[in-house]
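Go ahead and model the full structure; you've got the sequences and the hints to work with.
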Amino acid sequence: MGSRASTLLREEEIEEIKKETGFSHSQITRLYSRFTSLDKGENGTLSREDFQRIPELAINPLGDRIINAFFPEGEDQVNFRGFMRTLAHFRPIEDNEKNKDPIASEPLNSRSNKLLFAFRLYDLDRDDKISRDELLQVLRMMVGVNISDEQLGSIADRTIQEADQNGDNSISFNEFIKVLEKVDVEQKMSIRFLH
Amino acid sequence: MGLFLDFNPFDNLLCILLGISFTVWFTLLLVFIIVPAIFGVSFGIRQLYMKTLLKIFEWATHRIERGAKDNNHLLYKPYSNAIIAKEPTSLEEEIKEIRRSGSNRDLDHASEFEMSDIFYFCRQGVESIMDDEVTKRFSAEELESWNLLTRSNYNFQHISLRLTVLWGLGVVIRYGFLLPLRVTLAFTGVGLLVVLTSIIGFLPNGRMKNFLSEQVHLMCYRICVRALTAIITYHDSENKPKNGGICVANHTSPIDVIILASDGCYAMVGQIHGGLMGVIQKSMVKACPHIWFERSEVKDRHLVAKRLSDHVEDKTKLPILIFPEGTCINNTSVMMFKKGSFEIGSTVYPVAIKYDPRFGDAFWNSSQFGMVNYLLRMMSSWAIVCSVWYLPPMTREEGEDAVQFANRVKAAIARQGGLVDLLWDGGLKRGKVKDTFKEEQQKLYSKMLAGQDSILPTFQAVF
Numbered sequence: 001m002g003s004r005a006s007t008l009l010r011e012e013e014i015e016e017i018k019k020e021t022g023f024s025h026s027q028i029t030r031l032y033s034r035f036t037s038l039d040k041g042e043n044g045t046l047s048r049e050d051f052q053r054i055p056e057l058a059i060n061p062l063g064d065r066i067i068n069a070f071f072p073e074g075e076d077q078v079n080f081r082g083f084m085r086t087l088a089h090f091r092p093i094e095d096n097e098k099n100k101d102p103i104a105s106e107p108l109n110s111r112s113n114k115l116l117f118a119f120r121l122y123d124l125d126r127d128d129k130i131s132r133d134e135l136l137q138v139l140r141m142m143v144g145v146n147i148s149d150e151q152l153g154s155i156a157d158r159t160i161q162e163a164d165q166n167g168d169n170s171i172s173f174n175e176f177i178k179v180l181e182k183v184d185v186e187q188k189m190s191i192r193f194l195h
Numbered sequence: 196m197g198l199f200l201d202f203n204p205f206d207n208l209l210c211i212l213l214g215i216s217f218t219v220w221f222t223l224l225l226v227f228i229i230v231p232a233i234f235g236v237s238f239g240i241r242q243l244y245m246k247t248l249l250k251i252f253e254w255a256t257h258r259i260e261r262g263a264k265d266n267n268h269l270l271y272k273p274y275s276n277a278i279i280a281k282e283p284t285s286l287e288e289e290i291k292e293i294r295r296s297g298s299n300r301d302l303d304h305a306s307e308f309e310m311s312d313i314f315y316f317c318r319q320g321v322e323s324i325m326d327d328e329v330t331k332r333f334s335a336e337e338l339e340s341w342n343l344l345t346r347s348n349y350n351f352q353h354i355s356l357r358l359t360v361l362w363g364l365g366v367v368i369r370y371g372f373l374l375p376l377r378v379t380l381a382f383t384g385v386g387l388l389v390v391l392t393s394i395i396g397f398l399p400n401g402r403m404k405n406f407l408s409e410q411v412h413l414m415c416y417r418i419c420v421r422a423l424t425a426i427i428t429y430h431d432s433e434n435k436p437k438n439g440g441i442c443v444a445n446h447t448s449p450i451d452v453i454i455l456a457s458d459g460c461y462a463m464v465g466q467i468h469g470g471l472m473g474v475i476q477k478s479m480v481k482a483c484p485h486i487w488f489e490r491s492e493v494k495d496r497h498l499v500a501k502r503l504s505d506h507v508e509d510k511t512k513l514p515i516l517i518f519p520e521g522t523c524i525n526n527t528s529v530m531m532f533k534k535g536s537f538e539i540g541s542t543v544y545p546v547a548i549k550y551d552p553r554f555g556d557a558f559w560n561s562s563q564f565g566m567v568n569y570l571l572r573m574m575s576s577w578a579i580v581c582s583v584w585y586l587p588p589m590t591r592e593e594g595e596d597a598v599q600f601a602n603r604v605k606a607a608i609a610r611q612g613g614l615v616d617l618l619w620d621g622g623l624k625r626g627k628v629k630d631t632f633k634e635e636q637q638k639l640y641s642k643m644l645a646g647q648d649s650i651l652p653t654f655q656a657v658f
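Chains A and B, in that order, give the protein sequences.
Residue 1 is where the first sequence starts when you use the numbering used here, and the numbers rise one by one after that.
Residue 196 is where the second sequence starts when you use the numbering used here, and the numbers rise one by one after that.
None of these hints come from the bench; they were simulated from the model.
The beta-carbon is built from N, C-alpha and C at its ideal position, and this holds for glycine as well.
Some hints could be false.
As the list claims (entries may be wrong) - Computed beta-carbon distance windows for the label pairs:
no., chain 1, residue 1, chain 2, residue 2, range
1, A, Arg120, B, Glu634, 24 to 30 Å
2, B, Leu618, A, Asp128, 37 to 43 Å
3, A, Glu15, B, Val236, 55 to 61 Å
Unchecked claim - Dumping the calculated EDC-like pairs for lysine to aspartate or glutamate here, alpha-carbon to alpha-carbon at most 20 Å:
no., chain 1, residue 1, chain 2, residue 2
4, B, Lys629, A, Glu49
5, B, Lys264, A, Glu12
6, A, Lys182, B, Glu289
7, A, Lys182, B, Asp312
8, B, Lys264, A, Glu11
9, A, Lys188, B, Glu336
10, B, Lys624, A, Glu94
11, B, Lys629, A, Asp64
12, B, Lys627, A, Glu12
13, B, Lys638, A, Glu94
14, A, Lys40, B, Glu336
15, B, Lys633, A, Glu49
16, B, Lys638, A, Asp64
17, A, Lys188, B, Glu287
18, A, Lys182, B, Glu288
19, A, Lys129, B, Asp312
20, A, Lys182, B, Glu292
21, B, Lys627, A, Glu75
22, A, Lys178, B, Glu307
23, B, Lys281, A, Glu186
24, A, Lys188, B, Glu288
25, B, Lys638, A, Glu150
26, B, Lys624, A, Asp50
27, B, Lys281, A, Glu94
28, A, Lys178, B, Asp312
29, B, Lys281, A, Asp184
30, B, Lys633, A, Asp50
31, B, Lys291, A, Glu186
32, B, Lys627, A, Glu49
33, A, Lys40, B, Glu328
34, A, Lys40, B, Asp327
35, A, Lys188, B, Glu282
36, A, Lys188, B, Glu292
37, A, Lys182, B, Glu307
Below, the structure written as structure tokens:
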């Protein structure tokens, strides 16, 4: 219990995270409090088990895929910076950000980055393409045992047929963006903060 | 030789002083604490103490906030209050809305897969990572104000000399004066309980024995209440549990038992422990019938149910005290009630217990502290302040099964105590959530893909 006080965030760290993610000061401190409460090992990083301990996440059919999004390739621990960087994708897009200078680097919560987050949930092997197999696997996660292989297969085929434009039987990120161009991504992939 | 002579009178003086102070101390203890406990009266000292403390805490919190503003620090905010805004919509509604905003086709064809469906699960998942309803119930509630205990607030750095001095004074008072006093009282209370109940055990069964047993139990629990400096307000005492009934309450710590039992007599239910607990349990059962189970018997649900219903049918026996959550929760919510005690069919007397966290956090986080450590923390807090509400008795209605009855009682307790009513199982503190919940989510989603016909009907869980 006492170690928590000694690992309070330093002001400089909070400023850096603010610049990188766009979260406000109070949002960062509250999320830090959340991070430390999930960190049962009290070593400043979260492992996959720490996430799986959240019951509401454990019952989410895509829970494991979402947890995976926090961990960079080949790593098993995520620190607070990485945690915040991933959560930043779900920050709502504010009006004054919509017309920002296009030369400046893209904020983590832009429409394009939100779509990339979703794309990566489908793209199991991180090769920037959603193959038929990958789509089938993710569909299977979402429906459990309730739909037959044939039916699922035909759903996957139809989806790829509609989205695929260059004929390689898989969906690239640009094709993904095209399919979803009308969807209100800004609202559906954003989480509103109370403070 | 001269030196030797010099020490003697000094020694004597010291002894005399010590003797006098001990006598004075014990007399005060007896007059102000033990005698009132025997007769159940109160001098109002604890109420005065509470009011003074509150004023000091207000000042301290004020000082921290002012100090932080002056030094341009921002305060560490606890996250136990909600961070994000969650809209309670169902899976079906949300996914339909997502599809509606993006779809080119008309809605009749829409009962198939869309790539945007994943947004729903995405957002639900990340929302639960940022803030979920369950994991925060298993750790102590964090306070926005400060009560001069470093354990409850992480903003305490050196802000002002006055504050540090006050905190230091607080430490001296709590550990130097209050703690020894309370430990003495605790030993007295427990010791008396064991000795007196064993003596009563020799009496023949009858009204005299029951009467004496009740008095002894009440007296010893009252001493224990004072050992914790527990300031309890009982509401609606006309609804107090009667013989042949079952009293259910929300569970925050082992102290709940002492709090309820100092105002009425109950038959306790539990597992037999070894060590000191076991000694206490064995002697208590000599004076009046409590229900203690061996470890092996606990698993046998039929045996448990039979013993409970046998006890309840005997109207001369005291009402049973049960905590249906099965584990300690941090007093911000009430979690799933196990249906066992609600299947027995007798009158249920619900009781809501709400602790005031400003004076001392009563929650026992058994994964963090053992029992002894926990008791020491309790005895070195300022006080335990709580409110107890006796709710009107409830019985199972026609057509209601045990689970629905349990949920109805739980809702009543949550409403009265100002606690959040959750469907989640307190067992999630230690165990994993059952796969059936994930399977329900998958079933719900499958219905959207394939239409209603090809999926087996199931009830929809609302979370």
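Here is how each hint holds up against the structure:
1. Arg120(A) / Glu634(B): 24 to 30 Å: 26 Å, holds
2. Leu618(B) / Asp128(A): 37 to 43 Å: At 41 Å between Cβs, range holds.
3. Glu15(A) / Val236(B): 55 to 61 Å: 60 Å, holds
4. Lys629(B) / Glu49(A): 16 Å, holds
5. Lys264(B) / Glu12(A): 18 Å, holds
6. Lys182(A) / Glu289(B): 16 Å, holds
7. Lys182(A) / Asp312(B): 14 Å, holds
8. Lys264(B) / Glu11(A): 15 Å, holds
9. Lys188(A) / Glu336(B): Outside the cut-off at roughly 32 Å; violated.
10. Lys624(B) / Glu94(A): Violated. Lys624(B) to Glu94(A) sits at ~38 Å, over the 20 Å cutoff.
11. Lys629(B) / Asp64(A): Holds. Lys629(B) to Asp64(A) sits at ~16 Å (cutoff 20 Å).
12. Lys627(B) / Glu12(A): Violated, at roughly 38 Å.
13. Lys638(B) / Glu94(A): Between Lys638(B) and Glu94(A) the Cα gap is close to 36 Å, so the pair fails against 20 Å, i.e. violated.
14. Lys40(A) / Glu336(B): 17 Å, holds
15. Lys633(B) / Glu49(A): 17 Å, holds
16. Lys638(B) / Asp64(A): Holds, at roughly 18 Å.
17. Lys188(A) / Glu287(B): 14 Å, holds
18. Lys182(A) / Glu288(B): Holds, at roughly 18 Å.
19. Lys129(A) / Asp312(B): 18 Å, holds
20. Lys182(A) / Glu292(B): 13 Å, holds
21. Lys627(B) / Glu75(A): 24 Å, violated
22. Lys178(A) / Glu307(B): Measuring from Cα to Cα gives roughly 19 Å; hence the hint holds.
23. Lys281(B) / Glu186(A): 16 Å, holds
24. Lys188(A) / Glu288(B): 13 Å, holds
25. Lys638(B) / Glu150(A): Holds, because 18 Å separates the two Cα atoms, which is no more than 20 Å.
26. Lys624(B) / Asp50(A): 13 Å, holds
27. Lys281(B) / Glu94(A): 19 Å, holds
28. Lys178(A) / Asp312(B): 16 Å, holds
29. Lys281(B) / Asp184(A): 18 Å, holds
30. Lys633(B) / Asp50(A): 18 Å, holds
31. Lys291(B) / Glu186(A): OK: Lys291(B) and Glu186(A) at ~17 Å, within 20 Å.
32. Lys627(B) / Glu49(A): 11 Å, holds
33. Lys40(A) / Glu328(B): The hint holds at about 17 Å.
34. Lys40(A) / Asp327(B): 16 Å, holds
35. Lys188(A) / Glu282(B): 12 Å, holds
36. Lys188(A) / Glu292(B): 9 Å, holds
37. Lys182(A) / Glu307(B): 18 Å, holds
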